[in-house]
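Got two chains here, separate frames each, mind docking them using the hints?
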Amino acid sequence: MTMKVGSRQVDGVVIVDCSGRITLGEGSVILRDTVRDLLSKGNKKIVLNLQDVNYIDSSGIGELVSAFTTTKNQGGELKLLNLTKKVNDLLQITKLYTVFDVKDDEPSAVKSFK
Amino acid sequence: MTEQRVSYTLDSSLETIDNAEEKATRFASELGFGDDEVMQISMAVREGAVNAVLHGNAYAPDKKVILAFERTGSELVITIRDQGKGMDLSKIPNPLAPENLLKTSGRGIFLMRSFMDVVEIRPSSTGTELKLIKHVHGPTAGGKEASQ
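Residue numbers (this note's numbering), protein chains in the order written: chain A, 22 to 135; chain B, 1473 to 1620.
For reference, chain B alone in the conformation it holds in the complex (with noise of 0.2 Å):
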């Protein structure tokens, strides 16, 4: 199997969560993910650029948001880093919970965990790490070397 990364540096703008969802589901069709996956998976990376751009670098002009795809022999590993101030993730409430429910936000996180095999979040002072990773399963159509 062929290992491929591709990298893109965005603003931080509503396009950029627009754009990240585009790119999501182009790569995952590339792979060769089914339907279902590959809107698991373009909504999971949705969800991750939200908060890169709102809650990381909140809008901010001269704040980036990186965003990685990267096929290994078994994974696509998505990676979004802000330039933000960090995440308290022990803050973040399940939004399972009956007191939670009618909430009108805070159910992002938790998506990205049912879409994905992995949810890893790595906060610091200099921003947010967000990795997800989805398992390859049967054989992919593998995709085209792209880069930016």
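If we strip away everything but chain A, and leave its shape as in the complex, we get (with noise of 0.2 Å):
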């Protein structure tokens, strides 16, 4: 299953729900396409809603980690939301929970923006 997003406003976050692998390739394309295009409208709320991704692999990780230094040096603020387990462990076995700040539910990550 290939990687599909779709964004929406709430309170002046953006919210990305994406779907399916985040890999080498189309995954991790749309996913950095999609925050660029953000990013470039003036956007600097942003939060990845990753509730139905299934996979992820380095290729991703590292995807994920460029959209949030991306962000950051533009302003912005990038946050994960609903991680599921798989997702979940790669970030602890990778310490890369203690980078993101991660969210389990759409009204305390769009709160927790300044």
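Calculated from the structure, these hints are not laboratory results.
Partial pick of chain B residues on the chain A-facing surface, computed with a CB cut under 10 Å:
| no. | residue |
| --- | --- |
| 1 | 1519 |
| 2 | 1575 |
| 3 | 1582 |
Using C-beta positions, here's what the derived DEER-type ranges look like:
| no. | chain 1 | residue 1 | chain 2 | residue 2 | range |
| --- | --- | --- | --- | --- | --- |
| 4 | B | 1569 | A | 53 | 21 to 29 Å |
| 5 | A | 119 | B | 1560 | 26 to 34 Å |
| 6 | A | 126 | B | 1549 | 42 to 50 Å |
| 7 | B | 1578 | A | 54 | 18 to 26 Å |
| 8 | B | 1487 | A | 129 | 35 to 43 Å |
| 9 | A | 134 | B | 1578 | 27 to 35 Å |
| 10 | B | 1481 | A | 125 | 43 to 51 Å |
| 11 | B | 1609 | A | 72 | 28 to 36 Å |
| 12 | A | 93 | B | 1477 | 43 to 51 Å |
| 13 | B | 1485 | A | 93 | 30 to 38 Å |
| 14 | B | 1598 | A | 125 | 48 to 56 Å |
| 15 | B | 1595 | A | 134 | 44 to 52 Å |
| 16 | A | 118 | B | 1595 | 25 to 33 Å |
All of these numbers come straight from a predicted model, not from anything done at the bench.
For glycine and all other residues, C-beta sits at the position ideal for the given N, C-alpha and C.
What follows is the structure, encoded as structure tokens:
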């Protein structure tokens, strides 16, 4: 299953609903293009909802890191929401769980932006 | 326990990476590994295939990736060989070091080592051979003979 994304605005925060696989190739490219497009339009508060992301590889992890740093470098914030167990485990073993701001529910994620 | 071995010669393409992952999933499932272990094995193979296709063969159309699965008495042994220049392992930084946490690459070998019982990498001037081993626990479902 390839990666699909859809974005929506909630109280000034963009929620990007991701589904499928974030892997080398199409999945990583779609995520990269989506975040860059949002930033280019002035969206600085971004939440990646990974509830339906069932697989991610090292390239996908790299793409999450890239999205995080790119957003930060442009004065924005990118947070992760609703990690599946697989993605959560991967972020734990790569120690990235301490880097990302990870939220478990959407209202908290939206409210957490200053 | 029966022993079995299958080997595939694959192109240096993105499709090969997905293909290798699918084959690993099927082979590991047929050997009776649990869902979590199947995922770990398939991800390790995917990362190995990424290294072979991208960093080893650099997508060169004349270079192949050799993928082999072998079930010995107590182990699943997976070998991935490329025909690239070989890799300098000393140049692969620790992805868990604080200064490397925000790097966008360099986690593939770390993930393989996290998921497999043994990871051996033999670089040479004619390519790199990666060996991934997972110990087989408990009764297995066996598997059908296959070759390609």
